[in-house]
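Assemble chain Z onto chain F, guided by the hints.
Residue numbers (the UniProt record's numbering), protein chains in the order written: chain F, 1 to 307; chain Z, 1 to 328.
Since the hints were made in silico from the structure, they are not lab data.
Backbone N, C-alpha and C define an ideal beta-carbon position, used for all residues, glycine too.
Heads up, some of the hints might be wrong.
What the hints assert, rightly or not - Which chain Z residues face chain F? A few, computed with CB under 10 angstroms, are given here:
#1 Trp-53
#2 Phe-170
#3 Gly-177
#4 Gly-257
#5 Leu-310
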Amino acid sequence: MGRYVIRRLLQMIPVFAGATLLIFLMVNVMGDPVAGLCGERRCDPATAARLRAEFGLDRPLWQQYLTSMGNVVTGDFGTAFNGQPVVELMADAFPVTIRLTLVAIFFEIVIGVGLGMLTGLRRGRPVDTGVLLATLVVIAVPTFVTGLLLQLLLGVKWGWIRPSVSAEAPLDELIVPGLVLAAVSLAYVTRLTRTSIAENRRADYVRTAIAKGLPRRRVMTRHLLRNSLIPVVTFIGADIGALMGGAIVTERIFNIHGVGYQLYQGILRQSTQTVVGFVTVLVLVFLLVNLLVDLLYAVLDPRIRYA
Amino acid sequence: MPEAPYGDGPAIAPAGGGGAMDLATAEGGTLEQAPAPAGPSGPGPAGRPRSLWSDAWHDLRRNPVFVVAALVILFLFAISVWPQLIAPGNPLDCDLARAQQGSRAGHPFGFDGQGCDVYTRTVHGARTSVTVGVCATLGVALLGSALGGFAGFLGGVPDALLSRLTDVFFAIPVVLGGLVLLSVVTSDTVWPVIGFMLLLGWPQVSRIARGSVIAAKQNDYVQAARALGASPARLLLKHVMPNAVAPVIVVATIALGTYVSLEATLSYLGVGLRPPTVSWGIDISAASPYIRNAPHMLLWPAGALAVTVLAFIMLGDAVRDALDPKLR
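Next comes chain F alone, as it looks inside the complex (with noise of 0.2 angstroms):
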């Protein structure tokens, strides 16, 4: 186990640098990084020119990226358009995301997987075809057309919440935009579980369970729902990484200081140090999460063993 999950920090290093770089290289093409920094206005020649050297973008592409990667592992984000740090930026910033993204996986597993557990007892039945249909036509629409009537509806119309969310994003705040981020991977984690189930259904362990006479709800929850939740497990996992990236729309639409926000800001303001920090943390956060997931197989199954 311990060896396990050394060799695959290891192999962690490569993806690792070569996202940061392809992210690098991206930011670069995305324009002048000086330019943001003079307001609306442009910047006169000399004073580009000083602000070139003093951020090292004088110096070749390579050894910017060497640099920057140098300080993100110190800890140094650099400072974003308007002064602040970026450390700081990310410290209010991602735990509203955090929160939101724990509002959105909550939703896609007592939803998603009860709903996947019901049709997937109920193959073939209207409850089946009803959900069936109803995940389909949640995929189809995009995030941010049900965000957007969603606030319409709960928020305008009808008054149940506030249209956007406050500066502090309190949980409660953040119930109907972790729907709406949720809405498409919850889709899919009910269509998951469901032909999970029903595949395993059949398997003979759960005809022994219920041969020797355990009750229904063991067999469903021990026998049968353990065994079929680990492509479930394994895309939740990996939609960690996607959520919070993802969130960018959501974020968007309720108004909410998260790190869709900073990125967006970021991106407008063509402020490189906000995006390229930003954008390391998600992809750390997305590989650690896949480790985890990984590790969490041999929680589910006892056959998966780690050397």
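Chain Z alone, transformed into the frame defined by chain F:
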């Protein structure tokens, strides 16, 4: 069933921003090939055993989901080629005096914020979405299956390199990549958006193609052909490819819907397509600030978008069911 095809160690499902693209493989487990003459269907009318393809076509024609989806898609294709058929007006013919007005005779969907006819714009917007979806899907399917297919067929170093490269691409959230890359583009054609989808979309297909080529390559008939002295090129083109292409087709069909939706999302964020291109994404984005007073401006293009994405996803779903008899 060999466990090998889907990577070393516990495979990480190719989830992520792409979403729908994972549906095909994730849901069905491994998409193995059907044994050609599937049990119940037996020999075809000509007395010959049916191939996987004719068997699938036989099922598809009887699947109402497929028929409905295919009809919707045919209609979409028709109005993208000849939008004048049902909307003779000019989508750029706008009059601010009519801005945000509701429906009236001759203008069933009302007018948008610029006073353009929403019905005409919605019909003409189909072309953009279909172009983006079809071009991006074709490109991604070709590039992804070529890279993934070769890597799986060759194995060894190229395979390891490509697998790591796909890992790198998977670690970058799609919407984020689009925001960064497309924020500098100032073109009013659809090509930058398609190019971007190609850049971030191929790893999904290449992972599937690699897996199915590795699975197909272990089959006895491939070994037999190799023993008979077939060249690697012949092995790949004649024996491996035809038997590995089904999962790629399934993923690509579902992905088409995702790309249509992604284009609209990027346009909503202000980095996708730009006016004067007529696109549902642009129209939804422009209508969103006025959703309170004039929801019709948003609902029609959003409805058209949802129906389009739904049709492609349903088509992909039906094709998967037909090509993967294990799920029945």
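Here is what the structure says about each hint:
Checking Trp-53(Z) against chain F: minimum C-beta separation of about 24 angstroms lies over 10 angstroms; hint violated. The restraint placing Phe-170(Z) at the interface with chain F holds, with a minimum CB-CB distance near 8 angstroms, inside the 10 angstroms limit. Taking 10 angstroms as the C-beta contact cut-off toward chain F, the hint placing Gly-177(Z) at the interface holds, the least distance being around 7 angstroms. The interface hint given for Gly-257(Z) holds, since its Cβ lies 7 angstroms from the closest Cβ of chain F, which is under the 10 angstroms cut-off.
Checking Leu-310(Z) against chain F by beta carbon gives a least distance of about 4 angstroms; that is within 10 angstroms, so the hint holds.
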